[in-house]
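Novice: Now for the letters of each chain:
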Amino acid sequence: MSTAIKDTQKMIEEVLDAYPEKSKKDRAKHLAANDPSGQCSTCQVKSNVKSRPGVMTVRGCAYAGAKGVVWGPVKDQITVSHGPIGCGQYSWWSRRNYYNGQTGIDTFGTMHITTDFQEKNIVYGGDKGLDAALHELKGLFPLAKGIGILSECPVGLIGDDIEAVSKRVAKEFNYPIVPVRCEGFRGVSQSLGHHIANDTIKDYVLGKGQLDVSTPYDVALIGDYNIGGDAWASRKILEEMGLRVISQYTGDATLNEIAIATKAKLNLIHCYRSMNYICRHMEEEYGIPWMEFNFFGPTKTYDSIRKIAAKFDEKIQKNAEEVIAKYTPIMDAVVEQYRAKLEGKKVMLYVGGLRPRHTIGAYEDLGMEVVASGYEFGHSDDYKRTYPELKEGAVIMDDATLYELEEFTRRLKPDMVGSGIKEKYSYHKLGVPFRQMHSWDYSGPYHGFDGFPVFARDMDMTVNSPTWDLIRRKKA
Amino acid sequence: MIKIKDHNELFNQPDYQAQFERKKEFERPWPAEKVKEVSDWTKTEEYKELNFKRENIKINPAKACQPLGAVFCASGFDGTMPFVQGAQGCVAYFRSHLSRHFKEPFAAISTSMTEDAAVFGGLNNMIEGLENTYTLYKPKMIAVSTTCMAEVIGDDLNAYIKTAREKNVIPDDLPVPFAHTPSFVGSHIVGYDNMLKGILKALSEGKKGESNGKVNIIPGFDTYTGNYHEIKRLMALMGVEATLLADVSETFDSPNTGEYKLYPGGTPLPDAMDAVNATGTIALQRYSTMKTMDYIQKEWGQKALTLPMIGIKNTDAFFAELSKLTGKPVPAAIEEERGRVVDAMVDSHPYVHGKRFALVGDPDQLLGMMSLIMEMGGEPVHIVCTNGDKHFEAEANELLASSPFGVNGKVYIGKDMWHMRSLLFTEPVDVLIGNSYAKFLTRDTGTPLIRIGFPLFDRHHLHRYPIIGYQGALNLITMIVNTILDELDRNTIDTTSFDVIR
Chain A
1 MSTAIKDTQK MIEEVLDAYP EKSKKDRAKH LAANDPSGQC STCQVKSNVK SRPGVMTVRG
61 CAYAGAKGVV WGPVKDQITV SHGPIGCGQY SWWSRRNYYN GQTGIDTFGT MHITTDFQEK
121 NIVYGGDKGL DAALHELKGL FPLAKGIGIL SECPVGLIGD DIEAVSKRVA KEFNYPIVPV
181 RCEGFRGVSQ SLGHHIANDT IKDYVLGKGQ LDVSTPYDVA LIGDYNIGGD AWASRKILEE
241 MGLRVISQYT GDATLNEIAI ATKAKLNLIH CYRSMNYICR HMEEEYGIPW MEFNFFGPTK
301 TYDSIRKIAA KFDEKIQKNA EEVIAKYTPI MDAVVEQYRA KLEGKKVMLY VGGLRPRHTI
361 GAYEDLGMEV VASGYEFGHS DDYKRTYPEL KEGAVIMDDA TLYELEEFTR RLKPDMVGSG
421 IKEKYSYHKL GVPFRQMHSW DYSGPYHGFD GFPVFARDMD MTVNSPTWDL IRRKKA
Chain B
1 MIKIKDHNEL FNQPDYQAQF ERKKEFERPW PAEKVKEVSD WTKTEEYKEL NFKRENIKIN
61 PAKACQPLGA VFCASGFDGT MPFVQGAQGC VAYFRSHLSR HFKEPFAAIS TSMTEDAAVF
121 GGLNNMIEGL ENTYTLYKPK MIAVSTTCMA EVIGDDLNAY IKTAREKNVI PDDLPVPFAH
181 TPSFVGSHIV GYDNMLKGIL KALSEGKKGE SNGKVNIIPG FDTYTGNYHE IKRLMALMGV
241 EATLLADVSE TFDSPNTGEY KLYPGGTPLP DAMDAVNATG TIALQRYSTM KTMDYIQKEW
301 GQKALTLPMI GIKNTDAFFA ELSKLTGKPV PAAIEEERGR VVDAMVDSHP YVHGKRFALV
361 GDPDQLLGMM SLIMEMGGEP VHIVCTNGDK HFEAEANELL ASSPFGVNGK VYIGKDMWHM
421 RSLLFTEPVD VLIGNSYAKF LTRDTGTPLI RIGFPLFDRH HLHRYPIIGY QGALNLITMI
481 VNTILDELDR NTIDTTSFDV IR
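First to last, the sequence lines map onto chains A and B.
Quick note: the first sequence uses my numbering, first residue 1, plus one each step.
Quick note: the second sequence uses my numbering, first residue 1, plus one each step.
Chain A on its own, in the form it takes in the complex:
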């Protein structure tokens, strides 16, 4: 075992000492010093299992995964939060999945629509009310193309048959009404919600759209939720390469776009965690190949452009090189402008499904080093993809608790931390530069060539803000 790994393991053990015995034993399986080979079984972290009660996990629930990530951004269907008021309220436009359209008329992304369960719904069931609610929605929003019903905890617990209601009303309305069984108590995190939502796309929408003309260059852009316009920045590159993006999943997506993905020649997936399921399905059922790509930071973007182009003919490959040649000087200039200010800075990441590994290259382009990384709801396949991206001895953390994040910060002394809103302000109090890496801190895009300059600017303003130096620390 190398010294780097030994030192990190020792640190992890120290941090774990604060836990009661049972939780300590459990948490130990979720924390590891990175072995880039990812080979040895003991150095791999356990993932996608239940959080311990009472430890302040950062994780959300299946509903959050299905609504906040997969179905919520679909813009021309109405997404109903079916159940009590809270879930819909707290997830209301909190992920900034940008879209074009007239809200409340032909698009519905920034709306919070709920059946607002009362006690009588719990006692007598919510089916009747749901049926009536769907009819009210149809009357008020005649241009909606479909409705998604996302069930909250009580719906599953009281045994409502939302599938039957959906089926009946869908026939009447002649558009998809998609019952999504994403009750928050199902599974251990957001992750199951992604999977359930993917399955409903497969069962209710896929293959049912219209595309008049097909070309050999048709691709679908999967697993990009257009946070701060990310998907648009990615789409721009693909189009410049000569590809035709016929479908965007699910940021700024319409139901038709989702349906016609089956006509793509290749599925390109950015967030593997949330949408690999639908890609696998399309491969099995429709024979559409899929590949992962990474549009964070120039190095990974060039690399991905070439890998994507390699799936097509020489024309696309030539275009790809031209695109790279066009943007290289601009990217070099961005790096030149920011690298001097960021060189050697250490980063700690703790995010959701793709950023803990996808953004590593972008930080490295700026001369920064990621010393710790982990997922709220990653699976072992995510971690296997992550080990080789990080240096030996870097901390890998699965389902980290607030306590662990704080303790690792004290010991690793990162120059900046990238995580979510729940972590943001405790880092501000600690005086540790922080950036929200779920929502880009209301900035963005971060994807593609138009995104990287914004990413670089934001990391600079985070690490080098003079406000951190104003903090007058209490003397120990």
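Bear in mind the hints are in silico, worked out from the structure with no lab data behind them.
Be aware that a few hints might be false.
Below, in silico cross-link-like pairs of lysine-lysine (DSS-like), each with a Cα-Cα straight-line distance of 30 Å or less [what the hints assert, rightly or not]:
id	chain 1	residue 1	chain 2	residue 2
1	A	138	B	48
2	A	6	A	24
3	A	128	B	390
4	B	162	A	24
5	B	138	A	29
6	B	232	B	261
7	A	475	A	341
Pairwise CB distance ranges (calculated) [unchecked claim]:
id	chain 1	residue 1	chain 2	residue 2	range
8	A	413	B	353	55 to 61 Å
9	B	486	A	321	48 to 54 Å
10	A	175	B	486	42 to 48 Å
11	A	119	B	53	19 to 25 Å
12	B	327	A	411	54 to 60 Å
13	A	13	B	237	51 to 57 Å
All residues carry an ideal CB built from backbone N, CA and C; glycine is no exception.
Based on these hints, arrange chain B on the given structure of chain A.
Specialist: For chain B alone, kept in the frame of chain A given last:
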């Protein structure tokens, strides 16, 4: 230097605009004429009627759920960990929601119940959760509330906590108050009430003794940290020793010293325990403290007064009653403050008089705002309260009837911001008052928005300024009159009336 374009300007560029056009081929949107036709229709009386007929769906409602109020309340006590029995996503949402409003960290615990708990009950989750919380986060008190999951399956908090004590996972003397807070009953203000009652009940048991001569003040579900500081300042001026029950001011507004404190402040537990011996209790909100005040009056045998403090008349009544309760006169300093604020109101009245207001928010805050607006000669016209009940409706109507400026006012309980949209199109007003989500109404209808309420996600630091007492009235007047003046400037920018002096 490279000029960096982020989303705010990037997507207005011609290349992106062209991309959006190209994308339409796959989107299959409705024809533009059809969209325009429906859009125009949604602005009509006919649409309003249809909209007001709905009974089974809420669209952009202005309320949150009980457990959010409960964890907010619990966080107002020193060393207290809000602890939620139920599925874990809820707590992630409460933490995000409060952090987004206050721009502060917020700690709360979930017992992470999943399918097996749905079948077998959440006892094991509760026991392990309490053990982990106590060991790891060392609280002085753990305040337990529930999510809808625990409520639907019928978890018995009292029994579970007792079992946890018997199993010695928490010490006998650790206070563990609890409240059942189903999300399908009431809203965040009811959750606040239930938790506060639970905490006061647990802490005051066996503590009844001699009077301590103090006054308890309960702010209610009040998300203005400035209000808490203002209360403390005013009590000091009055020379009244007061205990703020559920003092969240430090929790959501602690100084930055390079140190993260899990429990930055809150009502000290000994003070909360001694609250039972106060001369009386004053609640500053009615609808978020009903059960608590009922409990205090009946069980503590105290004078329990509800005296909202938004606006001049309300604040006058507050000081008059406080003076009666404590036997202390209102000091000249407070009287002078009042005079200065009234002077400001007189100065500003021409821009507010006769202006029509639409308001959406929580019941207590709406009543306060209506009162203040009418004091200035403004007219509350549409009052939308998603979580208002019949009592609120009656009280609001009574308030409207008390002033000639209330004659155009109509109160809508159980309605939401999509109802408000119809109202704003069919019966326009001059100014809208509401939380950050009301900005969608401003976009659709062009009505200028004054952000008052919860949550305020899209503006910084508004909650740091008090809106209660005389100083609070001054802050509200400043916000109101200057919003009206901003709007006037916008509307007269190309006319001869673009005045400098107003």
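Novice: Need the list of violated hint numbers for this structure, in ascending order.
Specialist: none
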